[in-house]
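Asks: Sequence:
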Amino acid sequence: MTPTSASPSLDAAPSDDTARWTPRLVGVLVALIWPTQMLAAAGILGANATSSVAQSFHTTHVAWFSLTFVLVTTLLTPFVMKLGDRYGKKRLMLVITGIGTVGDIIAALAGSFWLMLIGRAIAGCYGPFGALSFPAVRDIFPARLVKPASAILGSSVGLVGIGAPFLAGWLVDGWGYRGVMWFLTAATALSFVLIALLVPSTPPRDRQPGFDWLGGLVLGGGLSAVIYALGQGQSWGWADAKTLGWLGAGLMTLVVFAFVERSSAHPILDFTVLRRRPVALVLTAGGLAQAIAYTMPSLVILLALYPYIPGVSAGLGWTAQHNAAVGVTWNLVMFAAGILASRLMRRIDARHLWRAGLLLMGLGYGLGGFFHADEMELILTSSLAHLGSGLVVAGAPVLVVGVVSKDEQGLGSGMLNMLITLFGSVFTALAFAILAGHSVVQHGTAFYQDAGYDWIFWTGALLTAVPLTLSLFIPRLRDPAESDTAPAA
Numbered sequence: 001m002t003p004t005s006a007s008p009s010l011d012a013a014p015s016d017d018t019a020r021w022t023p024r025l026v027g028v029l030v031a032l033i034w035p036t037q038m039l040a041a042a043g044i045l046g047a048n049a050t051s052s053v054a055q056s057f058h059t060t061h062v063a064w065f066s067l068t069f070v071l072v073t074t075l076l077t078p079f080v081m082k083l084g085d086r087y088g089k090k091r092l093m094l095v096i097t098g099i100g101t102v103g104d105i106i107a108a109l110a111g112s113f114w115l116m117l118i119g120r121a122i123a124g125c126y127g128p129f130g131a132l133s134f135p136a137v138r139d140i141f142p143a144r145l146v147k148p149a150s151a152i153l154g155s156s157v158g159l160v161g162i163g164a165p166f167l168a169g170w171l172v173d174g175w176g177y178r179g180v181m182w183f184l185t186a187a188t189a190l191s192f193v194l195i196a197l198l199v200p201s202t203p204p205r206d207r208q209p210g211f212d213w214l215g216g217l218v219l220g221g222g223l224s225a226v227i228y229a230l231g232q233g234q235s236w237g238w239a240d241a242k243t244l245g246w247l248g249a250g251l252m253t254l255v256v257f258a259f260v261e262r263s264s265a266h267p268i269l270d271f272t273v274l275r276r277r278p279v280a281l282v283l284t285a286g287g288l289a290q291a292i293a294y295t296m297p298s299l300v301i302l303l304a305l306y307p308y309i310p311g312v313s314a315g316l317g318w319t320a321q322h323n324a325a326v327g328v329t330w331n332l333v334m335f336a337a338g339i340l341a342s343r344l345m346r347r348i349d350a351r352h353l354w355r356a357g358l359l360l361m362g363l364g365y366g367l368g369g370f371f372h373a374d375e376m377e378l379i380l381t382s383s384l385a386h387l388g389s390g391l392v393v394a395g396a397p398v399l400v401v402g403v404v405s406k407d408e409q410g411l412g413s414g415m416l417n418m419l420i421t422l423f424g425s426v427f428t429a430l431a432f433a434i435l436a437g438h439s440v441v442q443h444g445t446a447f448y449q450d451a452g453y454d455w456i457f458w459t460g461a462l463l464t465a466v467p468l469t470l471s472l473f474i475p476r477l478r479d480p481a482e483s484d485t486a487p488a489a
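Numbering (this note's numbering) for the sequence shown: 1 to 489.
Because the hints were derived from the structure by calculation, they are not lab data. One or more hints might be untrue.
[Claimed, not checked] What follows is a list of derived Cβ distance ranges for each label pair:
| no. | residue 1 | residue 2 | range |
| --- | --- | --- | --- |
| 1 | L94 | W236 | 18 to 28 Å |
| 2 | T469 | Q55 | 38 to 48 Å |
| 3 | I379 | L472 | 23 to 33 Å |
| 4 | R20 | W236 | 47 to 57 Å |
The beta-carbon is built from N, C-alpha and C at its ideal position, and this holds for glycine as well.
Please work from the sequences and hints to get the whole structure.
Replies: Quick look at the structure:
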């Protein structure tokens, strides 16, 4: 069948440059946006539910409520991206969302903290969804629409930032953590339904026999150990033997992984692709830039919600609902920037928009270090930073599309997601180390002083300079409408 703009085939992406948006394509994009951005919403909802979990189960180990999900997600991501190429992405989407729904139900019904963690671990199987959704765009959409669809899929996180804080406050205030868990159960189940009804089957990209189970376990295990050490470092102490031991074991495991892959007949990561300079530059720059874009807002929440105590705590002392209301401004800016980018990328080199986004993001956070004393200052500096973030999160998947072939898209998107998680964990650990160096402890609680918040903003700005510098060396991107068989130069 030769697809046309009037009747596009959704089992294989049509290449007709006259292809246009149709109700069916819009439905497919919505079906991919919902579960992809539910991961961001789950992070916001979970953060707001953490206090309720700790008080309900009387535990001092509540950090595991979020850490368990992240660790399982990290461990499974290499397998999910490879199995998606092997058996088709839609099939894997249905499997992981189905398992994730079961995990959310267990967590919602849990009568003990340990059963809660079991549920969260099972729900973590849904975490690698982004490693499937972005490659699926390239499989499903006409070549002309791949870049704008990818940009919209990435930038829709701005909508999550608008609604999720209000939803979290309503659920936690009315029903505690169980309200959050039941909402996540319903949302994940809806993801399953949307995928089943609206997302077409995608063709397998990897038809080679055999599977590198050992390589997947070594890679996922090494990354999980590193993230675990970073997640626990604040409570254990960064010089503690346990922190250094887990970190060292994780890094050593990643070194072992490199040797395992060399001897594997069917490596889970194709190093011939990852060693290509354009691919390495895009994945490193994209992973770090998005990690900053996603992590900084959660750190700004600390500034907003911590109390103002002269000489002790430099927080703004806002309520969660007030913070949500103020945050609408910059999240709207972020979403609008992403939508604008999705249109401009049809005519403007995505690299130029990406670099402009990084400049604005760095400038916004740099100014935020000087101006964050009240609502107006925070709105202006955060809006500038989120204007850049909208361009960054919209541009990152487009950059990946421009440096890998269609058969390599799953590998590229999966690696990008793993690096976002890894860099985000490193940045979070660094941020709390900075805050701890400018803190006052009273009645067992650490309160952060203004110098700590200053350096959080400035650190975000300084780290943004790294992907900006790397992006200067990214060569011309290939358009998906061009031949999609040869690797990028």
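Asks: Next, verify each hint and record whether it holds.
Replies: We went through each hint and held it up to the structure:
no. : hint                    : in the structure
1   : L94 x W236: 18 to 28 Å  : violated, 39 Å
2   : T469 x Q55: 38 to 48 Å  : holds, 45 Å
3   : I379 x L472: 23 to 33 Å : holds, 31 Å
4   : R20 x W236: 47 to 57 Å  : holds, 56 Å
In summary, the structure is inconsistent with hint 1 from the numbered list given earlier, while agreeing with all the others.
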